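Participant: If you want the building blocks of each chain, they are given just below.
Number of protein chains: 2
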Amino acid sequence: MRISELSTVTGVPVATVKYYLREGLVPPGRVTGATRAEYDDGHVRRLRLARALVQVGGLSVAAARDVLAFLDAADGSLHEVLGAAHSALPPQLDDPHDPTRALGLVSRWGWRVHPEAPALRQLEHALRGLDDVGAAADDVRLATYADAARRVAEADVTSVPTTSPEEAATVVVIGTVLWEPVLLALRRLAQEAVSAELHTTP
Amino acid sequence: MRISELSTVTGVPVATVKYYLREGLVPPGRVTGATRAEYDDGHVRRLRLARALVQVGGLSVAAARDVLAFLDAADGSLHEVLGAAHSALPPQLDDPHDPTRALGLVSRWGWRVHPEAPALRQLEHALRGLDDVGAAADDVRLATYADAARRVAEADVTSVPTTSPEEAATVVVIGTVLWEPVLLALRRLAQEAVSAELHTTP
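Top line first, the protein sequences correspond to chains A and B. Per my numbering, residue 1 is the first one in the first sequence, and the count goes up by one each step. Per my numbering, residue 1001 is the first one in the second sequence, and the count goes up by one each step.
There's no promise every hint is true.
Computed from the model, here is a short list of chain A residues facing chain B with C-beta under 10 Å [as the list claims (entries may be wrong)]:
| no. | residue |
| --- | --- |
| 1 | R36 |
| 2 | D40 |
| 3 | L82 |
| 4 | A119 |
| 5 | T144 |
| 6 | A153 |
| 7 | V182 |
Have a look at the derived ranges for each label pair, beta carbon to beta carbon [stated by the list, open to error]:
| no. | chain 1 | residue 1 | chain 2 | residue 2 | range |
| --- | --- | --- | --- | --- | --- |
| 8 | A | P96 | B | E1023 | 24 to 34 Å |
| 9 | B | G1058 | A | P161 | 23 to 33 Å |
| 10 | B | G1042 | A | D72 | 51 to 61 Å |
| 11 | A | S107 | B | V1061 | 33 to 43 Å |
| 12 | B | R1101 | A | R2 | 28 to 38 Å |
| 13 | B | D1040 | A | S77 | 38 to 48 Å |
| 14 | B | T1008 | A | K18 | 23 to 33 Å |
| 15 | B | E1023 | A | P28 | 36 to 46 Å |
| 16 | A | K18 | B | P1028 | 41 to 51 Å |
| 17 | A | A15 | B | T1158 | 42 to 52 Å |
| 18 | B | P1028 | A | P96 | 31 to 41 Å |
| 19 | B | G1104 | A | T35 | 42 to 52 Å |
| 20 | A | P96 | B | S1087 | 29 to 39 Å |
These aren't lab readings, by the way, just hints derived from the structure by calculation. Computed from a predicted structure; not experimentally measured. Just so you know, even glycine gets a beta-carbon here, dropped at the ideal spot from N, CA and C.
The whole structure should be built from the sequences, with the hints applied where relevant.
Facilitator: Dropping the structure here:
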């Protein structure tokens, strides 16, 4: 198909398609003339994924390119794919603090996690942010969060197909990036619902 | 205290303090000379909250200013404070789609939520993003997420103090913005732990 049809099929404006092509988020089409190229179903899937990463996942174009490059290079076991995806995805923190408290928490919960896992630094950074505003995270609330996180993680991990590493990587990236806003939106809606039950009359 | 002491006490560099003062995130000190001003404990608390919103919450300076302005104006019931905080906080989406599916889900779960709640649009937007990449959210996984979200929301809402609307608003903003990265980091760590259990040998 031509670039105009690629745009129609995906609903992505032609200008955005050209931008993504220029930035390397979508591979070039097969050249069929001086100003013409042919695109196929692989381009449709890749374009949808690129748009979802940027517009729903909130990734920068540079970050989306890194994630997509990782998908192209994906191989190895499902567990390695998951670790590599987490390392490629934002947020990338250069917080100098060792994740001592975060490591202590996960080992207390019996979670087997690599000591270099980026999410450990993300957790440590978030806990320090709470300390800084004088609202240190207490262990009871953290345990409630951990229990909830584990429930959704089980649904996440069991949804990953075992057919091919590339397919698994795509599902892992989608699951990590695109289900995060689902979880955050649901948490805010649940806060409102719980608050309505506690603080208002029906 | 002088601005240098305000910086020492909070660990925020003087240049950042001046930037936040200029941008209105922190109110001016009491002028005591041509180039001098005095700051108090209220400035310390406000500065820590501003830094936490920007550096941990990831808010832009403009978004943080909006949230802080909302805190200054806070009054009304706890439930109203929560709704106002959610409306002031990012993400602010101008997605033109009505949140039909999101409304259908929350009413099926029996959650009392205002039809104009911004989180409904956030949920609808995220669900459409999943549709766009051909990975539509299934109801079973959504119900698992909703159940987990409700558990953390109960911990969140019951942690809000009922002493004063301003204190409640501060705790709601901190709880909404600063606990979000905790939840996301824990989800990724739990994914790794679950994956380790399923796909590796101890």
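Participant: Hint by hint, note whether the structure agrees.
Facilitator: A quick look at each hint next to the structure:
| no. | hint | result |
| --- | --- | --- |
| 1 | R36 | 27 Å, violated |
| 2 | D40 | 16 Å, violated |
| 3 | L82 | 5 Å, holds |
| 4 | A119 | 4 Å, holds |
| 5 | T144 | 4 Å, holds |
| 6 | A153 | 4 Å, holds |
| 7 | V182 | 5 Å, holds |
| 8 | P96(A) / E1023(B): 24 to 34 Å | 26 Å, holds |
| 9 | G1058(B) / P161(A): 23 to 33 Å | 32 Å, holds |
| 10 | G1042(B) / D72(A): 51 to 61 Å | 53 Å, holds |
| 11 | S107(A) / V1061(B): 33 to 43 Å | 38 Å, holds |
| 12 | R1101(B) / R2(A): 28 to 38 Å | 33 Å, holds |
| 13 | D1040(B) / S77(A): 38 to 48 Å | 57 Å, violated |
| 14 | T1008(B) / K18(A): 23 to 33 Å | 52 Å, violated |
| 15 | E1023(B) / P28(A): 36 to 46 Å | 44 Å, holds |
| 16 | K18(A) / P1028(B): 41 to 51 Å | 48 Å, holds |
| 17 | A15(A) / T1158(B): 42 to 52 Å | 49 Å, holds |
| 18 | P1028(B) / P96(A): 31 to 41 Å | 32 Å, holds |
| 19 | G1104(B) / T35(A): 42 to 52 Å | 47 Å, holds |
| 20 | P96(A) / S1087(B): 29 to 39 Å | 36 Å, holds |
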